[in-house]
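**Q** Fit chain B with the ligands to the given chain A structure using the hints.
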Amino acid sequence: MKNKEYDVIVIGAGPGGSVIARRLSQYGHSVLLIEKREQIGFPVRCGEASTTLEDIESYGPIDEDCIETIIDGLFVYGPGGTTVESLKKDTGIMLNREKFDPCLAKLAEQDGVELVTNARAESVSAVIGKFREVSIVTPEGTEKIKGRMIVGADGMESLVGRMAGLKCLHNVNSTCTGVDIEVEGILTDPRYLTFWQGHDFINDGYIWSFPKVKSNVTNFGAGFLIPKSKDLSIQDITLQWLYKLFPEAKVNKITGGLISVSGNLKEYVTDRLILVGDAAHHTNPLTGGGIAAAMRAAKEGAEVIHNGLIKDDLSKNFLKNYEERCSIVFGKKHQLLLKFRKFLLGQKREDQIEFYKVIKTFVKSNFSYLALIKCPIITLKCLYRYLRSSSKI
Amino acid sequence: MANKRLILPFYEIFLYYQTQTQDNLYFLKVKKLSHDRKNCLECAGCVGVCPTMALDMFGLDLQINHDKCNRCGICVRACPAGVLNWIEKPDEK
Ligand SMILES: Cc1cc2nc3c(=O)[nH]c(=O)nc-3n(C[C@H](O)[C@H](O)[C@H](O)COP(=O)(O)OP(=O)(O)OC[C@H]3O[C@@H](n4cnc5c(N)ncnc54)[C@H](O)[C@@H]3O)c2cc1C
Ligand code: SF4
Ligand code: SF4
Chain A
0 MKNKEYDVIV IGAGPGGSVI ARRLSQYGHS VLLIEKREQI GFPVRCGEAS TTLEDIESYG
60 PIDEDCIETI IDGLFVYGPG GTTVESLKKD TGIMLNREKF DPCLAKLAEQ DGVELVTNAR
120 AESVSAVIGK FREVSIVTPE GTEKIKGRMI VGADGMESLV GRMAGLKCLH NVNSTCTGVD
180 IEVEGILTDP RYLTFWQGHD FINDGYIWSF PKVKSNVTNF GAGFLIPKSK DLSIQDITLQ
240 WLYKLFPEAK VNKITGGLIS VSGNLKEYVT DRLILVGDAA HHTNPLTGGG IAAAMRAAKE
300 GAEVIHNGLI KDDLSKNFLK NYEERCSIVF GKKHQLLLKF RKFLLGQKRE DQIEFYKVIK
360 TFVKSNFSYL ALIKCPIITL KCLYRYLRSS SKI
Chain B
0 MANKRLILPF YEIFLYYQTQ TQDNLYFLKV KKLSHDRKNC LECAGCVGVC PTMALDMFGL
60 DLQINHDKCN RCGICVRACP AGVLNWIEKP DEK
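Taken in order, these protein sequences are the chains called A and B.
With numbering that gives the first Met the number 0 applied, the first sequence covers 0 to 392.
With numbering that gives the first Met the number 0 applied, the second sequence covers 0 to 92.
Isolated chain A (complex conformation) (with noise of 0.2 Å):
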């Protein structure tokens, strides 16, 4: 670390750590990026499917090799042999993590952030006057750094929150596991993201299959709510799962990690340190994405510490102001898909053949309502049905 004081510290150099830093210091910030691993991105812990190239453009120039694939559209085996496709022209893209998170930081430190690789957080200290002191420990030694303002992008091990007292632990009863398995060649269609979800198959998540058409891979994965006891590991479940779809498939690489579906966590503000990405839970309930809400949430993040910077005024109350721009940009939506997501999950096997049913006309009819008349006595008791869960949830 070429300096003792910092205005920004950020730790964690993932998606959102990045984009943070990298805005933050545009606004002329001093800026330190820490990131505990050594190889930045490395080893991936991610399926990599994202939003859209316009969307993820808007960020920085990524390099064109961070990106695999064009996604047109999504493929969903449902349960009873039901199907849904949606085809949408540019629905999203397929990334390569082990490239896009490097040329993030790369931007960052060229805007002016200081990055430091292979340094850990260990801890960080109660607020000191105007500043936070995190203590960073590398393989010189440990170090303590003072920020004025502490941005805890840590990811889903979720630590800096905690040292700090919020309250990030994940809930077991609302955290999924989940393994990506590196196959050789294109499993399935190479414009369609395709799922497999339900009774059949995996209930309480879903299967997937990403096309990286760039690398010739595909990313084929699975991930569901923790189980209650364990008698397989999810690993050797989503290898069954690969062998009994497709027989053939070669294995390259097998990665894996924890995906937070629980919606927004309560507060991941406090006095000098916000939470941003999978540590403040920011990970769609319903699909477990998460790369595209760390980079929102870091957007708003950047446009709250700049004004608390500038005003002075860092404390708890004023940075509450991130966490309801971060509730309206995407955590309201969260909220209603964590509540679809409980409804499909709690569904017995017929009832979510029937739901799927309806999912497949309305995709058909191109989202038009409309179609729904002519299935109106199944449409109406999925309705009765959705209502009556969420009045529960």
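Simulated from the structure, these hints should not be mistaken for laboratory data.
Cβ atoms here follow ideal geometry from the backbone N, Cα and C, with glycine treated the same way.
Do not take every clue at face value.
Claimed, not checked - Partial chain A-side listing against chain B, Cβ under 7 Å, derived:
| # | residue |
| --- | --- |
| 1 | Lys87 |
| 2 | Met155 |
| 3 | Ser157 |
| 4 | His169 |
| 5 | Ser173 |
| 6 | Ile225 |
| 7 | Lys229 |
| 8 | Asn251 |
| 9 | Gly256 |
| 10 | Leu257 |
| 11 | His305 |
Stated by the list, open to error - In silico SDA-like links for lysine to any residue, alpha-carbon gap of 20 Å or less:
| # | chain 1 | residue 1 | chain 2 | residue 2 |
| --- | --- | --- | --- | --- |
| 12 | A | Lys166 | B | Pro50 |
| 13 | A | Lys252 | B | Cys39 |
| 14 | A | Lys1 | A | Lys166 |
| 15 | A | Lys229 | B | Cys39 |
| 16 | A | Lys227 | B | Trp85 |
| 17 | A | Lys252 | B | Cys68 |
| 18 | A | Lys229 | B | Glu87 |
| 19 | A | Lys229 | B | His34 |
| 20 | A | Lys338 | A | Asn172 |
| 21 | A | Lys166 | B | Lys37 |
| 22 | B | Lys37 | A | Pro42 |
| 23 | A | Lys166 | B | Asp55 |
| 24 | A | Lys166 | B | Cys68 |
| 25 | A | Lys227 | B | Lys37 |
| 26 | A | Lys166 | B | Cys39 |
| 27 | A | Lys166 | B | Ile73 |
| 28 | B | Lys67 | A | Ser122 |
| 29 | A | Lys229 | B | Ser33 |
| 30 | A | Lys227 | B | Val82 |
| 31 | A | Lys227 | B | Cys71 |
| 32 | A | Lys229 | B | Trp85 |
**A** Coordinates of chain B with the ligands only, in the frame set by chain A:
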């Protein structure tokens, strides 16, 4: 032996029922979390669910603070690779 059985906390009894088929002696022994580094996915999932902050990853190494661990077993359930397990605590002291 009989005394020891009485003071065993709840979670140990719970774990006992989960694992008794594997090892009947389990119940009376103090357990220690073990980590199979070779097959670990280095995903740090266990770190995120540990309620006592007993786990942390530095570099790619998982560090277990056995004094902090309250043996709740959540990390064992959450580990996607199934490389966290209970072993009998060796006599250190
Ligand atoms: C199996 C799996 C599949 C997924 N699939 C998808 C998907 O298809 N699409 C999608 O959008 N999302 C997916 N996600 C979620 C996505 O990976 C995360 O939401 C995203 O990475 C969050 O970004 P982040 O910046 O918040 O945190 P991360 O990317 O996790 O970055 C946090 C960084 O902080 C570092 N760090 C942690 N603690 C410290 C410390 N104390 N000191 C210094 N550095 C520290 C870590 O090493 C890490 O590099 C998946 C997740 C998993 C586990
Ligand atoms: S058993 Fe519980 S307390 Fe011990 S390391 Fe695992 S999660 Fe933490
Ligand atoms: S959850 Fe399991 S695979 Fe992941 S880091 Fe911990 S021990 Fe390794």
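**Q** Flag every earlier hint the structure violates by its number, smallest first.
**A** As far as the earlier hints go, 1, 5, 8, 11, 14, 17, 21, 25, 26 are violated by this structure, in ascending order.
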